[in-house]
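Chain by chain, the residues run as shown.
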Amino acid sequence: MRRRLPLPILVAAIIGAAFVVLPVVALVARAPWGRFGDVLAGDGARAALRLSLEVSLAATVLSVLLGVPLAWVLARREFRGRSVLRALVVLPIVLPPVVAGVGLLAALGRQGVVGGWLDRAFGIQLTFSTSGAIIAATFVSMPLVVLAAEAGFRGLDPRFEQAAGVLGASPAYTLRRVVLPMTAPQLAAGAVLAWARALGEFGATITFAGNLQGRTQTVPLAVFQQLQTDRGGAVALSLVLVVISVAVLVAMRGHIMGGR
Amino acid sequence: MGLDAAVRVTRGTHVLDVTFAVDDGETVALVGRNGAGKTTVLEAIAGLVPLEAGHIELGGRRIDALDVGQRGIGLAFQDGALFPRMSVRENVAFAARARGDRVGPARARADRLLAQLAPTVAPAARPPQLSGGERQRVSLARVLASEPRLLLLDEPLAAVDASARPELRAVLRDALAAFSGPRILVTHDPVEAMTLADRLVLLEDGRITQTGTPAEVRNHPATRYAADLVGVNLFEGTLEPAGPGAGTLRTDEGDLTVAWPDGLEVVSTSNVRATVAPAEITLHAASPEGSSRNAFHGKVLEVAVTGSRARVRVDTAPPLVAEVTTGSVERMGLAPGAEVWASCKAVEVRLMVPGSEPDTL
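So the sequences go chain by chain: X and S.
All residue numbers for the first sequence refer to my numbering, where the first residue is 1 and numbers rise by one.
All residue numbers for the second sequence refer to my numbering, where the first residue is 1 and numbers rise by one.
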């Protein structure tokens, strides 16, 4: 027999659910359905959508290429300062994105610690460029890859690697043929989460890369800008991001929400 | 040549300190209870656990400073450690590829080894679909595909159904015999140790307590553990029907009356193995009366006392080892040369019939 829930809990639960659902419902309710096509066909929106796709995919690829080896080192090698490094690596997840952007400016800006040298030696300027937007997105999304991949590597029975090693396989061959295939689900989950995070990135991007249409203005930045002049357009663009996010959630429900 | 190992490893409060050698073409069974350090010895030889002190020499060459993959060692893990996302064939080919073979020759080698060791396993199957016995066969094929110079088998029969054991034991015996280098088998199963190994090395609490042939250990167990574990009476011969519910196991050294196994076809069967625990053999001063179907007359050859128990070896046909209390030794005046009767009930003889029977031990 199911017991009735205490009233205060039920009320709090309903309010909580409404609180989360309401903004999404409101977006749908206020969407300018009549000129949806016009908004999305506009130059600014099309450029922002294309740029968002490019930047988020590039950031995902970078996050995987750099994050997976880093996760491997954190999971399988013991060295001094490992726990400190692990904490620092996941710091961008909790760091306010604006702070991340300021940090990136200090490091890679024209007067930055590394950025100044890049500018002098190679003439490379990352600020106010698409590369800068990619770097900002990578900075905030790579920790998600590291977290997921490290969990995957740690969950893998070391005997498989030992067996491969005794059979004479090099560490690289073992990683490619044994470890990566066996941890593919976790790596994929990390990559999708990183992509979703990169797609929604705002604070670090606008701080470090600026808000230049066609170069650094991704969809979230375009939404922010449009909000000043055309609320309906902002809502339409926002709905596009909602649809993409829901699609990601649905695709990942087995990994993120434990099924059902 | 062969293997010469001196292994010292500390794990927590456990200290493992063993020194032993294995000749080329010799099978040594490393026998001990769970936690005695058997697997750690293998892991140390393979390089998965660093030596605290000691050395490992294979074919006259020090290998303990070499990388894991450079030692030329074949280690079959207890559960096989087969890669679950690769097919059976890819698993075996992996070993050949890791050794430097190209894809084509690696697959050919895998197919050849699988046909020989696991003919009933589909090469495209994934390891999680296999039975324990099939997994061991594939694991053995994978280990041999890397062409090792030393073979280490960790409890190859432990994760295998009792009904599949006799057949797998035969496969193991052939594979061991065909391997020319030293081979080490880790086990806690006395039948496995005594039927597959030329020599036993008994490990207790990280130390070797006895080394010898199965016959030597059976006849002269150095510790209680050795007596309990390895000191079983083992027979091999042809099982023949002998009246309702009974059979006779004819061995070269004498006959035993046994209970006919339930469900076994009532025909003569060869290569049947049987064990009787020494504690189940009763010694009598005179010809015993009662339900014991096996009663043998003979002389005491030897009395070995370990703690409060004594193992008495008698020259009956077949020869037996009985375990009795030291009180019985005194009361019956058991000493070399004394005449005794030894008996055991037919149902106490445990049978292992190739291919069919439950494997109880």
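Just so you know, the hints here were simulated from the structure itself, not pulled from any lab data.
All C-beta atoms, glycine included, are put in the ideal place defined by N, C-alpha and C.
Take the hints with a grain of salt, since some may be wrong.
A few chain X residues facing chain S, derived, Cβ under 8 Å [to be verified]:
1) Ser-129
2) Ala-164
3) Gly-210
Computed, partial: chain S to chain X, Cβ under 8 Å [said to hold, decoys possible]:
4) Ala-46
5) Ala-98
6) Arg-102
7) Leu-168
8) Trp-260
Closest C-beta approach of Ala-46 (chain S) to chain X relative to 8 Å, hint status: 5 Å, holds
Ala-98 (chain S) as chain X interface residue, shortest Cβ-Cβ below 8 Å: 4 Å, holds
Under 8 Å is the threshold here; is the Cβ of Ala-164 (chain X) close enough to any Cβ of chain S for the hint to stand? 7 Å, holds
Restraint: Trp-260 (chain S) near chain X, CB-CB cut 8 Å. Satisfied or not? At about 43 Å, which exceeds the 8 Å cut-off, the nearest Cβ of chain X leaves the hint on Trp-260 (chain S) violated.
Ser-129 (chain X) as an interface hint toward chain S, with CB separation required under 8 Å: Since chain S brings no Cβ nearer than about 41 Å to Ser-129 (chain X), farther than 8 Å, the hint is violated.
Using the nearest Cβ pair, does Arg-102 (chain S) come within less than 8 Å of chain X? Check failed: Cβ of Arg-102 (chain S) comes no nearer than 14 Å to chain X, outside 8 Å.
Proposed interface contact between Gly-210 (chain X) and chain S, which counts if any beta carbon pair is under 8 Å: Constraint on Gly-210 (chain X) not satisfied, violated at 45 Å.
Take the shortest C-beta to C-beta distance between Leu-168 (chain S) and chain X; is it under 8 Å? 20 Å, violated
Hints 1, 3, 6, 7 and 8 from the list above are not met by this structure, while the remaining hints are.
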